[in-house]
Amino acid sequence: MVDDEVRALTERALDVARSVGASYADARYLAEDSESIDVENGRVEGVSRGSDAGIGVRVLVDGAWGFAGTALMDPKEIERVAGLAVEIARSSRPLLRTPVVLADEQPVEAFWETPIEEDPFAVSLDEKIDLLLKASAELQSVQGLTIAQSSMDFWRRHSFLATSEGARIEQIITQSGAGIVALAVGDREVQQRSFPNSFRGHFACKGYEHIRSLDLAENAARIAEEAVALHKAPECPSGRTTIVLDPNQLCLQVHESVGHPLELDRVLGMEAAYAGTSFVKPDDRGSLRYGSDQITITCDSTLPGALGSYGYDDEGVPSRREVLIENGVFQRFLSSRETAPVIGETRSNGTMRADGWGVIPLIRMPNINLEPGTSSLEEMIGTTDDGIFMSTNISWSIDDKRTNFQFGTEIAWEIKKGTLGRMLRNPNYAGKTVEFWSSCDALGGKDEWKVYGTPNCGKGQPAQVARVAHGTSPGRFRDVQVGVRG
Amino acid sequence: MTLLGQDRFEDAARIALGDGVDAALVLAFHSAGGLTRFASSQIHQNTWRETVAISVMAVVDGNRVGVAAGSSLEPDAVRSTLQAAKAIAAVTPANPDFPGLAGPASYPAANLWDDATAETTPAERADGVARALEEFPSNIDAAGYIETTANEVFIAGSTGLRAYATSTQAGCSVMAIAQNSSGFAESVERKLGALDVPVLAERAVKKAELGRDPADVEPGAYTVILEPAATSTLLQFLAFLGFGGKAFLEGRSFMTGKIGEKIMEQKITIVDDPIASDALGLPFDFEGTPSSRVVLIDKGVAKDVVWDRTTAKKAGRESTGHGLPPPNTMGPLPLNLRMEPGDQSLEQLVASTDRGLLVTRFHYSNVVSEKETVLTGMTRDGTFAIEDGKLARGVKNLRFTQNAVEALSNVEGVGDTTETSTELFFGGSRAPAIKVRDFKFSSATTH
Chain A
1 MVDDEVRALT ERALDVARSV GASYADARYL AEDSESIDVE NGRVEGVSRG SDAGIGVRVL
61 VDGAWGFAGT ALMDPKEIER VAGLAVEIAR SSRPLLRTPV VLADEQPVEA FWETPIEEDP
121 FAVSLDEKID LLLKASAELQ SVQGLTIAQS SMDFWRRHSF LATSEGARIE QIITQSGAGI
181 VALAVGDREV QQRSFPNSFR GHFACKGYEH IRSLDLAENA ARIAEEAVAL HKAPECPSGR
241 TTIVLDPNQL CLQVHESVGH PLELDRVLGM EAAYAGTSFV KPDDRGSLRY GSDQITITCD
301 STLPGALGSY GYDDEGVPSR REVLIENGVF QRFLSSRETA PVIGETRSNG TMRADGWGVI
361 PLIRMPNINL EPGTSSLEEM IGTTDDGIFM STNISWSIDD KRTNFQFGTE IAWEIKKGTL
421 GRMLRNPNYA GKTVEFWSSC DALGGKDEWK VYGTPNCGKG QPAQVARVAH GTSPGRFRDV
481 QVGVRG
Chain B
1 MTLLGQDRFE DAARIALGDG VDAALVLAFH SAGGLTRFAS SQIHQNTWRE TVAISVMAVV
61 DGNRVGVAAG SSLEPDAVRS TLQAAKAIAA VTPANPDFPG LAGPASYPAA NLWDDATAET
121 TPAERADGVA RALEEFPSNI DAAGYIETTA NEVFIAGSTG LRAYATSTQA GCSVMAIAQN
181 SSGFAESVER KLGALDVPVL AERAVKKAEL GRDPADVEPG AYTVILEPAA TSTLLQFLAF
241 LGFGGKAFLE GRSFMTGKIG EKIMEQKITI VDDPIASDAL GLPFDFEGTP SSRVVLIDKG
301 VAKDVVWDRT TAKKAGREST GHGLPPPNTM GPLPLNLRME PGDQSLEQLV ASTDRGLLVT
361 RFHYSNVVSE KETVLTGMTR DGTFAIEDGK LARGVKNLRF TQNAVEALSN VEGVGDTTET
421 STELFFGGSR APAIKVRDFK FSSATTH
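Protein chains in written order, with the working numbering: chain A, 1 to 486; chain B, 1 to 447.
Next up, chain B with everything else stripped away, as it sits in the complex (with noise of 0.2 Å):
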């Protein structure tokens, strides 16, 4: 991707920081990719898009706001896209609550960008597909993709904020499908070199292997190692549940009341950090706050949430940089969440359990009870039976319902490295493997 440049951006900013307004904010996007999926073990579905968003929140007469978006920075587009925000602006009725716009601010430094990924090409993605290809037996079939991306932020307020970044980002997920099992692994980087798609290929093909011809288990109370991605699956809706500010005000959050009390097990550390050296997140929020790593549970305490500029204010706190861009009702979330790791290997977790379940990753999970943070999803890809510290065989999938706070305190164990994995429409979070007793399965399946 050519990258646009600082300087475009602030070409179309000049127009749209324009008269008339008490003061606007812009926000766009340059991104451009490639996803290349593959299925049956061939590419399927090869695709590419180069897009451009700019839009502009204008603010007249000190708290009435107007948002419009557009793709196109040139000149008229942007003019016209100021236009619809003070129209906007206009007609809307005054908001008590709007916070006024963040101010200059001098961000973390952070080397987001890689040339290689950036430049990837349609043949070095396939070459990728080849790689994992290579690792499979001819009675597995694969499936998955392999994604770059190129972007660049830029954020200019009249206030004189301004933020630009440039970022680059690539995954691959693979799947094993064998006649009655499957397996998956799935890994997300900043850079196409540290994806090791034979490793992940492996990894999946292993995993269908071992759970060949699986035998019927019954719904119950199970202790389960959950692997990185059944780990993040409960992240992520936490994330949505109660760890941002407007949740947490309005009473509906799991964190309400609760700061300062023990409401994990004492192994359990959940933190918000986009600016980690292996996260994948900015060195500012889209309304121009700095980044900053919260901690969000601390040896099992709740700590905090995260604020963004309008929940910060109602709060009496300071933003923490999550905002997303507006007009945004949903309030800030942890785009960048982690669980931190703990001192074993998932092979000790496994060892010290003499009978339970291994759950390689969730399937379309959905919230039951938003406050009592009850899940409810299936296993897929992976779902082993362990007995006398050992996989002793594959077992048909299962359907959880289950608390998420109470399977976060009923945890025996954290594996000690950390992995990046993506949940069904949602953005991805980093998490260990965990080991969790009691948790409950409500419903077998036949496959």
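The shape of chain A in the complex, shown without the other chains (with noise of 0.2 Å):
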């Protein structure tokens, strides 16, 4: 539990902030344990450990924002902030045009703590060493692989928020993560593999309990001899075609083409000069047609053990499910207290989060799923007579609208006459974001219904980055345009 100083500095804070002027404040106090460990070709390349911890001070002053963040915990530098963070809305006052109104939130006294198995931090190094020195040693052991990357990443995030409206969350979110990476360096090309998914591998809200699932040894070899052979593999045709994805590809497509472009702070242009804004309009709600009947998208904050999984946000709405896309049609955005109200919601749902106690919260994704299908990966490949099975992200691009997309995977499989054939190097595909989704014909079933942790969405200035996750059965996808050449 956060100690009677932490808990006597958010109140000090918005004691302070209500004083000088603020008709709203909420201070949240954040501290952050972090754990990181490296092995490259049989050598541990970096082991760290981090600690941070500050308050950050936010306040409406007649409709005006203003904040101010501290890593100096004492009472005379959060009256300092909390003042600062006034003086900061006032600043911003004769440059505004619309007073920010925040949707109504019933204010609760609540902990939340991520269920896990095993405290990673309570493991000792030794034993995380040696996992990952092993899963190198069997990367190293096939001929022809150049480099063997393994690592892991923990996370431990202990918050408590403080509002003037009487809520006061604490919330204890553990986070991890481990993966390795095969590397077939060539005079031209280098070839890669991940597993269990490329950007440092699977990620989760769980203890150390996920780190053994992951069975990183035992798929090392497998993913060596897969980046050596892509040297040999035919490079992927270019044309149009059917493609299938597999969940690690079809994870990314969801966060840049449905996540972002349904944030409703970059569909009000509040992100419009930095990361873009959206070709989803307030109006499309519930009459856009998205995707195929085949999909339908949720927003869980809920879904246990997934990586974007919280209690509450960091407004202090509860976190929720949610229907965004329902078989095909656009039903609502994912929103904030500031943002709801302006397309005539009521409540936030609950979107919200900073990725540190220096910065303000953004609406940012929690765990956006692509629900599942009635088909199988086996069905939608034998019923496929010709076409591409695409595997495990490694390049990803998408206009400043979210429209325009062009996605690289690490290695692809031809499909022909309804079997896999040849592996194929350089696997791409691009498209257009309405085009594509309402090309899907099939998805697979819950039992292959996979959660991937995204450890790296970037947002925001001060840029902010959010662990977030998607789950995606297998989807197929006709007519798209595959092996896009520089």
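Derived from the structure by calculation, the hints contain no laboratory data. Don't take each hint at face value.
DSS-like, lysine-lysine: derived pairs with alpha carbons at most 27 Å apart [to be verified]: (1) K450(A) <-> K432(A); (2) K86(B) <-> K314(B); (3) K417(A) <-> K281(A); (4) K450(A) <-> K416(A); (5) K191(B) <-> K258(B); (6) K303(B) <-> K134(A); (7) K314(B) <-> K134(A); (8) K232(A) <-> K396(B); (9) K303(B) <-> K314(B); (10) K432(A) <-> K299(B); (11) K396(B) <-> K281(A); (12) K232(A) <-> K417(A); (13) K299(B) <-> K258(B); (14) K134(A) <-> K450(A); (15) K303(B) <-> K258(B).
Coverage of chain A stretches by chain B, computed from C-beta distances (three or more under 8 Å per stretch; other residues unrestricted) [claimed, not checked]: (16) 6-12; (17) 116-127; (18) 194-201; (19) 211-218; (20) 236-243; (21) 262-274.
No residue lacks a Cβ here, since even glycine has one placed at the ideal position from N, Cα and C.
Both chains are given apart, each in its own frame, so use the hints to dock them into the complex.
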């Protein structure tokens, strides 16, 4: 539990902010412990532990936002920072066209904690390093492999939110992840295979039991062999064809072409100059045909074990599951207490998160999921005459309104007459968001549905990194452009 | 921001360089700054933060290394950070590649500080936004940011190494958003006073106005004029892909095996120069090695990459002062990249082009093939058709999929001025406009 000193500092921040003119204030304490281990070619390249703590004070004065944060945790500094937040809000006011109105939210006193079986910070470094060295040795056992990487990351965020409306919410969120990467360096190309996923592996709101379940060493030789074999594989052909996407690619497709465009702050232009806006408009609710009937997308911050799960967002709104796209028709955005009323919604759906104490919360995807269908990977491949099965994201790019995208995967296999054929190197595909989702004619069922954490979602100025997740099963898409070359 | 001062860091270092380790390195930062964002022609986010960070690298048994980091310089907190670093080092296997710590050195003199920037008030940042908005007609919306920061960096090693620097930085971007077009301009400098916010706003508005009712354009190979921000995107990705010693030694870099060969057009010279008068770097790197100017591409010829202590030891070289904070698994990187200017104005580059496209900047670019340096990304905020040496009209945005080294081999002209630009989720680099033939666009958009 947070100590009395932290509670006293946040109360003091609220008192000062209100006394100098804030109509609303929140004080958010955050302490984060982290651990990271990197092994490359059998050598420990880096082991680090970090801790960071501070308090951020956010205020509304006459409808204008102000925010100030500090790592210096003493009463005088907190008083100064609370006053500064109000001064900042006052400086914004003359250039404010539309004063901020917050959606109502019942303040609660609550405690929420990630359920974990085994505290990752209590597991010895020896054991963790040993696991990564074993995986590295398995990777290196494959002839032709150039670089063998294995890594683990752990975070524990301990937060306490106090608002002038009376919310007092404490949360402890534990996140764990690990992965391996095999790199085969050739004269012209570098081929890469990752397991269980790219971007440092598979991350979850779980304890060390998650790491034990990954079987890194057991899968190392297979992916190393694939990385080496890719150099001899034919290049992904160029043209239009049917593609089947593995969940470890489809998850990023959901992230970039559904999650981000449905962030209401983007829709309202609040991120226009940096990350961009969205092709989706408020009037599109209930009418925009976003994809085929197969496509139902949910936002679910309650999903047990998923990297983007929490009890309450950083505005004190409880986590929830909501349908964003239902049978292909767009229904609702990801919102905040500020943005929901702008489009006539009465409540935020609880997606505001900050990546530290020194920055304001922004609308961030929690777990955005493509709900499962009724097919299976075997059936999708078996009923495809000519196509490509692509796995594991390696490259991603999408325009500032989230329509034109291009993704690359680490590996692919051709599909001929219902069976998987030759391995293909340098696979990629490109398309337009609505056209692409409309071309989906099959999704795998519940038993093939996997949730992958994305630990590196960037947004905002100052830049913030969020840890989010996406659940998907494999999916099939017709008439897609593949093999884009430079 | 009130500076903590070198003595305050020295107090922490005395604890962190304590007994029980063979060697230790302390890296500490103190930073404060405000960032005022505007969108829909109003200030919508307005923030300030003051951070303190300290990391301790402890070395035991000669080459067993652990790193721990904290956010307080208080004695108990520093002791705790040191203990954590020692505990990690004690169980970490020996690293035969560990190069040891840098010794004491003298650093290039540099004046990186501006009082006015460090003391910028929220009202002054808001005033900057107001001056930008004055340039906007009522039918065009404004978005962007103004940021001012002040920083202290301190490095101490058990070898007697001591490095300390104070620096300031100010940045501003302005985006103009019209009904179906947009424009953008950005500037990053040491001093807030060096930012000409109205000029940035005027440039952005002009682009949005010129780009109204953009025409469709077919994807394909075009002669392009890349404005400095777009050139910077190519530079930033080349830095990440291959201008560092680690990628070079691993054979992943496009520079591997090419030193001494002509790999780009003769008009292209690329250097990393942290201590140039218009750069934003420090006189030392995060290992305490003095920063130095490194010529990476000299008149099109591959000359060198940048090195830190670990990669330099492996290569039999000296560090060039491009080390990142430990523990660093990425190897050294050039963080102050610049392409040397040429001799043609932007107007001359456009005037010399019969048919082509002008690109203001790229968006959300990424790597398609790392060693081949194939990149993809979108144009945004001002893409124009050039006809008969003039900007003819705005065009809808395009996706490029292009080999970056090949693009820099196809350069026909280089602008005579440079600007510092930032890349989404990267740092910044300084570049001129360039004219490139056969630049490949793989698809188009509807906006």
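Do the hints match the structure? See the list:
1. K450(A) <-> K432(A): 25 Å, holds
2. K86(B) <-> K314(B): It holds: about 26 Å lies between the C-alpha atoms, which stays within 27 Å.
3. K417(A) <-> K281(A): Roughly 42 Å between the alpha carbons, so the hint for K417(A) and K281(A) is violated.
4. K450(A) <-> K416(A): Distance of about 26 Å is within 27 Å: holds.
5. K191(B) <-> K258(B): Since the Cα atoms of K191(B) and K258(B) sit roughly 39 Å apart, the hinted pair is violated (cutoff 27 Å).
6. K303(B) <-> K134(A): 39 Å, violated
7. K314(B) <-> K134(A): The hint holds at about 25 Å.
8. K232(A) <-> K396(B): 39 Å, violated
9. K303(B) <-> K314(B): Holds, at about 18 Å.
10. K432(A) <-> K299(B): Between K432(A) and K299(B) the Cα gap is close to 40 Å, so the pair fails against 27 Å, i.e. violated.
11. K396(B) <-> K281(A): Since the Cα atoms of K396(B) and K281(A) sit roughly 20 Å apart, the hinted pair holds (cutoff 27 Å).
12. K232(A) <-> K417(A): Distance ~23 Å between K232(A) and K417(A) Cα, so the pair holds.
13. K299(B) <-> K258(B): 14 Å, holds
14. K134(A) <-> K450(A): Satisfied, since the Cα-Cα distance of roughly 26 Å is no more than 27 Å.
15. K303(B) <-> K258(B): 8 Å, holds
16. 6-12: violated (count 0)
17. 116-127: holds (count 3)
18. 194-201: violated (count 0)
19. 211-218: violated (count 0)
20. 236-243: violated (count 0)
21. 262-274: holds (count 7)
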